[in-house]
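For the protein sequence lines, the chains are A and B, in the order given.
If you read the first sequence in my numbering, its first letter stands for residue 3, the second for the next number, and so on.
If you read the second sequence in my numbering, its first letter stands for residue 3, the second for the next number, and so on.
Any given hint might turn out to be false.
Stretch-level coverage of chain B by chain A, calculated; a stretch enters the list once three of its residues show a Cβ under 8 Å from a Cβ in chain A [to be verified]: (1) 75-84; (2) 100-109; (3) 123-131; (4) 163-177; (5) 200-210; (6) 228-242; (7) 273-280.
To be clear, the hints were calculated from the coordinates, so they are not data collected in a lab.
Quick caveat, the model's predicted, so the values are computed rather than measured.
All residues carry an ideal CB built from backbone N, CA and C; glycine is no exception.
Protein chains: 2
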Amino acid sequence: MIRVGILGYGNLGKGIECAVKNNPDMELKAVFTRRNPEDVKILTEGVNVYHVDDAVSKKDEIDVLILCGGSATDLPKQTQEYAKYFTVVDSFDTHARIPEHFANVDKSAKENGNVAIISCGWDPGMFSLNRLYANAILPGGNDYTFWGKGVSQGHSDAIRRVEGVKNGKQYTIPVQAALDAVRNGENPELTTRQKHLRECFVVAEEGADKAKIEAEIKNMPNYFADYDTTVHFITEEELQRDHAGIPHGGFVFRTGKTGWNQENSHVIEYSLKLDSNPEFTASVIAAYARAAVKMQKEGMSGCKTVFDIAPAYLTHLSGEEIREHLL
Amino acid sequence: MIRVGILGYGNLGKGIECAVKNNPDMELKAVFTRRNPEDVKILTEGVNVYHVDDAVSKKDEIDVLILCGGSATDLPKQTQEYAKYFTVVDSFDTHARIPEHFANVDKSAKENGNVAIISCGWDPGMFSLNRLYANAILPGGNDYTFWGKGVSQGHSDAIRRVEGVKNGKQYTIPVQAALDAVRNGENPELTTRQKHLRECFVVAEEGADKAKIEAEIKNMPNYFADYDTTVHFITEEELQRDHAGIPHGGFVFRTGKTGWNQENSHVIEYSLKLDSNPEFTASVIAAYARAAVKMQKEGMSGCKTVFDIAPAYLTHLSGEEIREHLL
Numbered sequence: 003m004i005r006v007g008i009l010g011y012g013n014l015g016k017g018i019e020c021a022v023k024n025n026p027d028m029e030l031k032a033v034f035t036r037r038n039p040e041d042v043k044i045l046t047e048g049v050n051v052y053h054v055d056d057a058v059s060k061k062d063e064i065d066v067l068i069l070c071g072g073s074a075t076d077l078p079k080q081t082q083e084y085a086k087y088f089t090v091v092d093s094f095d096t097h098a099r100i101p102e103h104f105a106n107v108d109k110s111a112k113e114n115g116n117v118a119i120i121s122c123g124w125d126p127g128m129f130s131l132n133r134l135y136a137n138a139i140l141p142g143g144n145d146y147t148f149w150g151k152g153v154s155q156g157h158s159d160a161i162r163r164v165e166g167v168k169n170g171k172q173y174t175i176p177v178q179a180a181l182d183a184v185r186n187g188e189n190p191e192l193t194t195r196q197k198h199l200r201e202c203f204v205v206a207e208e209g210a211d212k213a214k215i216e217a218e219i220k221n222m223p224n225y226f227a228d229y230d231t232t233v234h235f236i237t238e239e240e241l242q243r244d245h246a247g248i249p250h251g252g253f254v255f256r257t258g259k260t261g262w263n264q265e266n267s268h269v270i271e272y273s274l275k276l277d278s279n280p281e282f283t284a285s286v287i288a289a290y291a292r293a294a295v296k297m298q299k300e301g302m303s304g305c306k307t308v309f310d311i312a313p314a315y316l317t318h319l320s321g322e323e324i325r326e327h328l329l
Numbered sequence: 003m004i005r006v007g008i009l010g011y012g013n014l015g016k017g018i019e020c021a022v023k024n025n026p027d028m029e030l031k032a033v034f035t036r037r038n039p040e041d042v043k044i045l046t047e048g049v050n051v052y053h054v055d056d057a058v059s060k061k062d063e064i065d066v067l068i069l070c071g072g073s074a075t076d077l078p079k080q081t082q083e084y085a086k087y088f089t090v091v092d093s094f095d096t097h098a099r100i101p102e103h104f105a106n107v108d109k110s111a112k113e114n115g116n117v118a119i120i121s122c123g124w125d126p127g128m129f130s131l132n133r134l135y136a137n138a139i140l141p142g143g144n145d146y147t148f149w150g151k152g153v154s155q156g157h158s159d160a161i162r163r164v165e166g167v168k169n170g171k172q173y174t175i176p177v178q179a180a181l182d183a184v185r186n187g188e189n190p191e192l193t194t195r196q197k198h199l200r201e202c203f204v205v206a207e208e209g210a211d212k213a214k215i216e217a218e219i220k221n222m223p224n225y226f227a228d229y230d231t232t233v234h235f236i237t238e239e240e241l242q243r244d245h246a247g248i249p250h251g252g253f254v255f256r257t258g259k260t261g262w263n264q265e266n267s268h269v270i271e272y273s274l275k276l277d278s279n280p281e282f283t284a285s286v287i288a289a290y291a292r293a294a295v296k297m298q299k300e301g302m303s304g305c306k307t308v309f310d311i312a313p314a315y316l317t318h319l320s321g322e323e324i325r326e327h328l329l
């Protein structure tokens, strides 16, 4: 059994807990939190919640520690720190800072003989993998990534910061005409507006000026101004009833040509339709946590991404089994 | 530059030749044939065609030899034989015999310190990879593979063996309703008939009994009897004009649930739409040929499949570049 520790018990941490339950070769060993451990109620019976300060003292009881903090301030510190003591996996997703994060974690993991997998999930993660495979197969082609339909936390937060807004949720939606054009091999050049729509469900405070709220959202630079945005005003009750989930998903395409005179076209498409963004992310992380433990046992060390890990490491099945049943 | 040799110059061999042209870090070094080399005209200027008996004598001029023979009788002998002298890649696709082929090639490749990649292409190959990744992420889910729309050589051959048939081509077509049900997460149980249609374009010999031909095709056991099959009679001219291509493609799905009570559903979909089956297969093989050469240089040896190869080996880009641009 792979003994899993979770550091940080928010949506992602809970998702890891569920993924551990769904993987027969894994068991949850401990949850670490910055809150008062007594205030954190987890789902798994018989597993203790500890303060994060006690994590290192439990290192011999844990095969892999999954870091479920945020990319903005938590993971840049946590992953390199805990890679000193544990095999670790994180879901660091600030694309621009990945090279720096990789270098820091690699140093710490190598010096301490540990495997650390960073930027694991679906984007970065499964989408990245599909970009890499498809780029290697069709050099000289075009890449397209679409996100949604799904909830963007960042855009939902932005709505909630508008004056007069009590609550709100934002869905990112790929434009169907753009998807169709890419799928037909038309290799369109797409503007930001042509790729995604933004749909907002807003609960206004009593007496607030809805027209003003709508205008402020639609004209918000960076978040909404470059998109076709629709705003629906609903009640708090409707928001809780119809928009409580955290669905997401998206599409990765690569289109390219082959043949002596580039006469044949090809379309590679990978897509995800997810009821729960954090639970699916957690499921990807669980598979890579298994990989991390296997690689650590083989004596590897250092920082790895999904690009560096042979697919066979992800499964509990043997080489014989996967060649017989999945190849 | 990676120096590529091609053994066998049919559709796949030609596809490899084109893929080499499209990959800036590869050059074609030689083509080996069982035919009289003087009768084999290739597209690349300045590259020699040799008889297959001369292949081993050229081993120091070639970094990777791509075996483009058939899975029925060629590859079971060729891959283990040439793995003694070369880094090799094949596209062995007889699923049931993969374990045996793997064992034979592994022994020969290990004894001679070479890397040999088998069963490379899109199915087995990219489809297998997607089955493995998705199985690792969603344990306890359901797999679905659909093929087409595309030309099945085996079924086209079967048509051509029917009495009174001069020529013919068969398309395998996934049933749209089945695709939709899977995509909607309905987890349908599908019969053979519910998954694929078969569409045949047949050129009858003069005076042949078309009704008899149609009945014989539709009732042919294994090939057509279990499917809804349509038969169109066309002229040889129409067949050459409208059905000369070798398109193919397909869909790999995995659906599964997450959450403490399995309350959230997820759909992972990978699909290919290919104008040329052999050229796309060749493009996958070219990427894995690069991987084979890199792995050989690192001192690895033995038989590998797509499951055993970290994605980063497939690209000519550095780890820094792929982390920065594709992760």
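Hint by hint, here is what the structure shows:
Here the segment 75-84 of chain B counts 0 residues with a CB under 8 Å from a CB of chain A, which misses the bar of 3, and the coverage is violated. With 3 residues having a beta carbon nearer than 8 Å to a beta carbon of chain A, the segment 100-109 of chain B meets the requirement of three or more and the stated coverage holds. With 4 residues bearing a CB less than 8 Å from a CB of chain A, the segment 123-131 of chain B meets the requirement of three and the coverage assertion stands. Here the segment 163-177 of chain B counts 0 residues with a CB under 8 Å from a CB of chain A, which misses the bar of 3, and the coverage is violated.
Using a Cβ-Cβ cut-off of 8 Å, 0 residues of the segment 200-210 of chain B lie near chain A, which falls short of the minimum of three, so the contact claim is violated. Judged by the Cβ-Cβ criterion of 8 Å, the segment 228-242 of chain B is not covered by chain A as claimed, because only 0 of its residues qualify and three are needed. With a threshold of 8 Å between beta carbons, the proposed coverage of the segment 273-280 of chain B by chain A holds, since 6 of its residues qualify and at least three are required.
In this structure, the hints that do not hold are numbers 1, 4, 5, 6, in rising order.
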